[in-house]
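Q: Listed here are the chains, written in short residue letters.
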Amino acid sequence: NAGVMQNPRHLVRRRGQEARLRCSPMKGHSHVYWYRQLPEEGLKFMVYLQKENIIDESGMPKERFSAEFPKEGPSILRIQQVVRGDSAAYFCASSPTGVEQYFGPGTRLTVT
Amino acid sequence: GENVEQHPSTLSVQEGDSAVIKCTYSDSASNYFPWYKQELGKRPQLIIDIRSNVGEKKDQRIAVTLNKTAKHFSLHITETQPEDSAVYFCAPLGEYGNKLVFGAGTILRVKS
Numbered sequence: 037n038a039g040v041m042q043n044p045r046h047l048v049r050r051r052g053q054e055a056r057l058r059c060s061p062m063k064g065h066s067h068v069y070w071y072r073q074l075p076e077e078g079l080k081f082m083v084y085l086q087k088e089n090i091i092d093e094s095g096m097p098k099e100r101f102s103a104e105f106p107k108e109g110p111s112i113l114r115i116q117q118v119v120r121g122d123s124a125a126y127f128c129a130s131s132p133t134g135v136e137q138y139f140g141p142g143t144r145l146t147v148t
Numbered sequence: 121g122e123n124v125e126q127h128p129s130t131l132s133v134q135e136g137d138s139a140v141i142k143c144t145y146s147d148s149a150s151n152y153f154p155w156y157k158q159e160l161g162k163r164p165q166l167i168i169d170i171r172s173n174v175g176e177k178k179d180q181r182i183a184v185t186l187n188k189t190a191k192h193f194s195l196h197i198t199e200t201q202p203e204d205s206a207v208y209f210c211a212p213l214g215e216y217g218n219k220l221v222f223g224a225g226t227i228l229r230v231k232s
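Respectively, the protein sequence lines represent chains A and B. Residue numbers for the first sequence follow my numbering, so the first one is 37 and each next one is one higher. Residue numbers for the second sequence follow my numbering, so the first one is 121 and each next one is one higher.
Careful: at least some of the hints might be erroneous.
Said to hold, decoys possible - 20 Å max Cα-Cα, derived SDA-like pairs, lysine to any residue: (1) K142(B) x L166(B); (2) K87(A) x G39(A); (3) K80(A) x Q165(B); (4) K162(B) x A125(A); (5) K87(A) x G217(B); (6) K98(A) x R114(A); (7) K80(A) x I227(B); (8) K80(A) x E159(B).
If you are wondering where the hints come from, they were derived from the structure by calculation, not from laboratory data. Here the structure is a predicted model, which is why all the values come from computation and not from measurement.
Isolated chain B (complex conformation) (with noise of 0.2 Å):
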């Protein structure tokens, strides 16, 4: 089955710094990555995604770039506020296009 791993784990940063998060799979037939974001007690909110033709995806302050070669995803934010503070996962579309495969997760902690 799919393997995808996140880095890093945990992330803090300053208001108004970027941050960066990775998410690596092992399905090379994957074409499908989306981002969710998840704050504590609530749903898995999607916040951007990307198919596998398209190399980047922007959405105002959050974008998303793809490396299908080297089979990984990376998740930017800039310009960081406090209420981007929340758990990201990244979830790669695996094993026939039939079910999301988490990551473990990313917890990101803005300081102001």
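Excised from the complex, chain A in its bound form (with noise of 0.2 Å):
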């Protein structure tokens, strides 16, 4: 059973431009979770999503970012416009209940 992946690994985007995160979960999971870690820092909630739902999006900065979780394919994770203050690790998590979360190995994201 494959663990949860991440794509890219690594995103260099310029001010202004848009970034887009992709997030498979492990097979037979249907919680998706996206969290931000700055430098030295813990991760931060951003939104919780199940299949085509998002549950909970209390973490996530009110404008240019957006997540989904279609029905076919993975969870996007979209900031529009970036600033560099979005360089950031992004990093998702998929939960079979709802309750125990497995991440994957994240998203460098460097803003220029």
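With the hints as a guide, bring both chains together as one complex.
A: What follows is the structure, given as structure tokens:
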């Protein structure tokens, strides 16, 4: 059973461009979460999704950020018009039950 | 929202000694208490977890103890080895069970 997959692993964007981060949950997991980690800090919750539904987006910035988990395909975290402050590691986690969460390798976003 | 604190922030031990990291939380409704290990540049890895109906759980050299009344839980690592060196995060499941709330992390260094 492959683990949680994320791509790309590294992403460089110029200010003002769009960033698209992808997450494929573990097989059989219908719960997906996105977290952001700034250097030398803990992870901060962004959004929780189940297939085609956003369950909790209380950690998402109100502007420029969006997330989806379509019926087919990976979950996508989209950041429009990136700014330097968006530079961080973005981790996706999946869960079979909505309790224990298993993390992917992360996408390291650098905004230049 | 949930407030989570970890102590100590850094911990240095000699190889073979024990290490204990404590986590306090504020949300009395929390009922799931995991510990994650994160090596530099890697994903957070779930190493042990406990549910609120259990006071202690052990898995080889690691154990977690929970005091729900006092709202704290602790990670215990015995016979530490250099490969235990990493950052450890507690992350109780908070607010409606929708997200993990991470502590700031404890840097554990095991000296050989």
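Q: Is the hinted pair K80(A) and E159(B) satisfied, with a Cα-Cα distance of at most 20 Å?
A: 18 Å, holds
Q: Check the hint pairing K80(A) with Q165(B) against an upper bound of 20 Å on the C-alpha distance.
A: 16 Å, holds
Q: With the threshold set at 20 Å, check whether the alpha-carbon distance from K87(A) to G39(A) stays at or below it.
A: OK: K87(A) and G39(A) at ~18 Å, within 20 Å.
Q: For a C-alpha distance cap of 20 Å, please report whether K98(A) and R114(A) respect it.
A: 13 Å, holds
Q: Between K80(A) and I227(B), does the CA-CA distance stay at or below 20 Å?
A: 18 Å, holds
Q: Mind checking the alpha carbons of K87(A) and G217(B) for me, to see if they're no more than 20 Å apart?
A: 18 Å, holds
Q: Taking only the CA atoms, is the gap from K162(B) to A125(A) under or equal to 20 Å?
A: 10 Å, holds
Q: Taking only the CA atoms, is the gap from K142(B) to L166(B) under or equal to 20 Å?
A: 17 Å, holds
Hint violations for this structure: none, all hints satisfied.
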